[in-house]
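Colleague: Heads up: the sequence lines are chains B and W, in that order. As numbered in numbering that gives the first Met the number 0, residues 0 to 333 make up the first sequence, in order. As numbered in numbering that gives the first Met the number 0, residues 0 to 333 make up the second sequence, in order.
The hints are simulated quantities; they were obtained by calculation from the structure and are not laboratory data. A few of these clues could be false.
A pair counts as met if it fits within one copy or between any two copies, since identical chains are not told apart.
Said to hold, decoys possible - Only pairs whose alpha carbons sit at most 30 Å apart, straight line, appear in this in silico DSS-like list of lysine-lysine:
(1) 74 x 186
(2) 80 x 69
(3) 69 x 189
(4) 23 x 74
(5) 31 x 216
(6) 23 x 186
2 protein chains.
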Amino acid sequence: MSAAQHLSDDDLAKIYTFAVQLGKDAGVILMKFAQARWSDNGSGAQLFTEKDSAVDIVTKADEDVETFIKNAIEKKYPTHKFLGEETYSKGASQDYLIGDEPTWCIDPLDGTVNYTHLFPMFCVSIGFIVDGRAVIGVIYAPFTAQLFSACRGRGAWLNETQRLPLRDQPLPPNAPQGCVLSVEWGKDRKDAPDGNLHRKVDSFLNMAVEPGGRGGKGGMVHGVRSLGSATLDLAYVALGAFDIWWEGGCWEWDVAAGVAIVQEAGGLVTTANPPADVKNAPIEDVRLGSRLYLAIRPAGPSPATGESARESQERVVREVWRRVRHLDYSRPGA
Amino acid sequence: MSAAQHLSDDDLAKIYTFAVQLGKDAGVILMKFAQARWSDNGSGAQLFTEKDSAVDIVTKADEDVETFIKNAIEKKYPTHKFLGEETYSKGASQDYLIGDEPTWCIDPLDGTVNYTHLFPMFCVSIGFIVDGRAVIGVIYAPFTAQLFSACRGRGAWLNETQRLPLRDQPLPPNAPQGCVLSVEWGKDRKDAPDGNLHRKVDSFLNMAVEPGGRGGKGGMVHGVRSLGSATLDLAYVALGAFDIWWEGGCWEWDVAAGVAIVQEAGGLVTTANPPADVKNAPIEDVRLGSRLYLAIRPAGPSPATGESARESQERVVREVWRRVRHLDYSRPGA
Numbered sequence: 000m001s002a003a004q005h006l007s008d009d010d011l012a013k014i015y016t017f018a019v020q021l022g023k024d025a026g027v028i029l030m031k032f033a034q035a036r037w038s039d040n041g042s043g044a045q046l047f048t049e050k051d052s053a054v055d056i057v058t059k060a061d062e063d064v065e066t067f068i069k070n071a072i073e074k075k076y077p078t079h080k081f082l083g084e085e086t087y088s089k090g091a092s093q094d095y096l097i098g099d100e101p102t103w104c105i106d107p108l109d110g111t112v113n114y115t116h117l118f119p120m121f122c123v124s125i126g127f128i129v130d131g132r133a134v135i136g137v138i139y140a141p142f143t144a145q146l147f148s149a150c151r152g153r154g155a156w157l158n159e160t161q162r163l164p165l166r167d168q169p170l171p172p173n174a175p176q177g178c179v180l181s182v183e184w185g186k187d188r189k190d191a192p193d194g195n196l197h198r199k200v201d202s203f204l205n206m207a208v209e210p211g212g213r214g215g216k217g218g219m220v221h222g223v224r225s226l227g228s229a230t231l232d233l234a235y236v237a238l239g240a241f242d243i244w245w246e247g248g249c250w251e252w253d254v255a256a257g258v259a260i261v262q263e264a265g266g267l268v269t270t271a272n273p274p275a276d277v278k279n280a281p282i283e284d285v286r287l288g289s290r291l292y293l294a295i296r297p298a299g300p301s302p303a304t305g306e307s308a309r310e311s312q313e314r315v316v317r318e319v320w321r322r323v324r325h326l327d328y329s330r331p332g333a
Numbered sequence: 000m001s002a003a004q005h006l007s008d009d010d011l012a013k014i015y016t017f018a019v020q021l022g023k024d025a026g027v028i029l030m031k032f033a034q035a036r037w038s039d040n041g042s043g044a045q046l047f048t049e050k051d052s053a054v055d056i057v058t059k060a061d062e063d064v065e066t067f068i069k070n071a072i073e074k075k076y077p078t079h080k081f082l083g084e085e086t087y088s089k090g091a092s093q094d095y096l097i098g099d100e101p102t103w104c105i106d107p108l109d110g111t112v113n114y115t116h117l118f119p120m121f122c123v124s125i126g127f128i129v130d131g132r133a134v135i136g137v138i139y140a141p142f143t144a145q146l147f148s149a150c151r152g153r154g155a156w157l158n159e160t161q162r163l164p165l166r167d168q169p170l171p172p173n174a175p176q177g178c179v180l181s182v183e184w185g186k187d188r189k190d191a192p193d194g195n196l197h198r199k200v201d202s203f204l205n206m207a208v209e210p211g212g213r214g215g216k217g218g219m220v221h222g223v224r225s226l227g228s229a230t231l232d233l234a235y236v237a238l239g240a241f242d243i244w245w246e247g248g249c250w251e252w253d254v255a256a257g258v259a260i261v262q263e264a265g266g267l268v269t270t271a272n273p274p275a276d277v278k279n280a281p282i283e284d285v286r287l288g289s290r291l292y293l294a295i296r297p298a299g300p301s302p303a304t305g306e307s308a309r310e311s312q313e314r315v316v317r318e319v320w321r322r323v324r325h326l327d328y329s330r331p332g333a
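Please put together the full structure from these sequences, using the hints given.
Modeller: As structure tokens, then:
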């Protein structure tokens with residue numbers, strides 16, 4: 000009997016309600032720390048002394064929010080496993096730790112650089128995983144007051160009131176044309192011709208240039224976006240705003256909640272790296288620990304092509320695979 | 000006697016109040032049209048028939064908002080000149096039309112691709128120009144409920160309550176390291192080695208790679224962001240979230256409001272294209288019609304380097320110029 004079978008629909012609904020409130024409360028803490036750094040705003044000044052640097056404050060926000068979430072979960076669900084970014088960074092290895100048991104997978108602050116710079120694209124990310132699959136996701140970006148959430152079987156939502164996706168038009172018949180592509184430059188900035196940065200930028204260029212360009216790989220996407228938050232990239236895929244998100248290097252705490260929300264909204268998440276047979280290889284759901292992600296937004300069936308939603312998403316996956324290079328991210332020890 | 004001298008501080012304050020309300024009202028219209036496209040939301044359905052396409056709706060939103068703004072201004076200030084994106088696109092040329100007289104320069108919808116895709120980074124942009132200088136700016140992004148505004152001598156504001164910049168820490172002594180760079184891929188996607196897309200991506204790479212990389216040009220910026228809205232790029236420079244915005248190709252209606260807000264917040268806006276003598280060339284305020292923009296965020300003086308705010312901004316301008324290529328955007332007939 001799998002762990003999931005111990006959790007009834009009613010259990011899951013209660014866990015979902017708890018997770019949504021936890022996300023809101025964590026977001027309030029993040030904003031309190033952010034506001035403490037605003038130039039002409041004394042509201043949070045008493046939290047810090049003059050000599051605390053921006054980096055100190057951000058580290059404290061990150062740690063305080065993770066502790067807050069961890070304590071709340073341990074009190075409410077003492078038998079559940081807890082994995083946070085801090086759990087990993089303080090551990091000896093970054094082995095993949097998610098098994099079959101009910102597991103919380105948390106990023107207290109995704110978009111750390113944005114948070115440091117007070118760019119609003121930062122959030123808290125709370126994922127709940129059973130049998131290795133993300134079944135509940137809560138993402139809250141407090142500066143723009145956008146809450147994304149989903150629970151398996153209960154739909155995906157913006158601010159608990161608007162069902163996701165907001166946009167589920169058919170995927171364009173000539174995709175990636177007409178698509179908005181979301182990508183990230185990441186932290187790996189080595190100037191090596193075969194390093195990840197150059198592999199990424201080659202791939203971005205293939206997706207962006209005019210049709211026929213780049214040796215026939217030109218994808219002429221409608222737009223290229225970079226937010227600096229993998230978690231919010233996934234949230235905007237679930238919303239329908241980003242048609243394609245392609246990225247390597249994230250960890251499971253960056254994506255657990257987002258994958259749950261995208262999948263519940265009707266999107267597809269598979270691997271970023273093209274297989275040998277791009278045209279025919281089976282398209283499998285991504286493994287959370289893979290560090291390589293390609294997400295396609297929810298879409299209605301395509302009257303123009305006669306495809307089902309899934310067929311059109313798989314077509315777009317293959318069109319992306321045809322244009323991108325392999326990325327070289329693995330797990331330590333993997 | 001210049002036109003500006005006809006406008007007292009009190010006159011300007013009244014125009015500012017009027018412009019802020021106009022921005023809020025225009026944003027409400029934009030959101031009404033956006034919501035009419037949401038999948039499971041019938042609230043605006045009566046506005047459109049089944050056969051209206053997404054493109055029809057976006058075009059109608061754009062035109063309706065421009066007409067709304069134009070009518071309101073003509074009624075309240077019949078002697079003022081009005082320039083909107085539609086004015087240009089329907090005109091015979093794209094000559095630079097801004098002179099010394101009081102002039103409204105409007106983009107009813109900046110971030111059109113985002114709006115089509117329901118990605119929240121779209122906005123209305125209202126600039127008021129006197130003697131060729133943007134003196135009032137109002138930018139409202141209704142989906143994230145963020146209103147940016149400024150009036151010469153009255154400060155720059157987020158949501159009318161938080162003074163901009165929110166973040167005015169000294170610019171990093173080793174900038175562009177530590178800086179968030181905002182750039183856009185744009186619509187020019189020709190696969191020509193010397194085309195604007197390749198010039199841009201070369202420049203992005205120089206700014207992004209590790210120090211010492213790319214023949215010594217590696218800038219190792221903290222992050223690279225692309226929002227798909229020049230107007231909001233400038234808004235986030237004014238806030239302090241983006242340290243550097245470098246872009247070519249926009250028109251004056253994309254930037255008039257943003258330039259007013261950045262300058263009033265204490266930021267610097269000059270040209271994107273490096274001069275022959277990068278080290279010593281004077282750094283002049285940008286001309287609104289130039290189509291080439293480099294903005295540096297507001298910053299406090301740097302105790303570490305002994306620089307004034309302006310000196311540190313000029314240092315960063317030169318560090319950017321050293322790493323970017325010339326972009327080839329001109330005005331028709333210029």
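Colleague: Each hint should be assessed against the structure and marked as holding or not.
Modeller: Checked hints:
{"no.": "1", "hint": "74 x 186", "verdict": "neither (36 Å within a copy, 53 Å between copies)"}
{"no.": "2", "hint": "80 x 69", "verdict": "within (10 Å within a copy, 59 Å between copies)"}
{"no.": "3", "hint": "69 x 189", "verdict": "neither (36 Å within a copy, 51 Å between copies)"}
{"no.": "4", "hint": "23 x 74", "verdict": "within (18 Å within a copy, 45 Å between copies)"}
{"no.": "5", "hint": "31 x 216", "verdict": "neither (47 Å within a copy, 38 Å between copies)"}
{"no.": "6", "hint": "23 x 186", "verdict": "within (29 Å within a copy, 38 Å between copies)"}
In terms of the numbered hints stated before, the structure departs from hints 1, 3 and 5, listed from lowest to highest.
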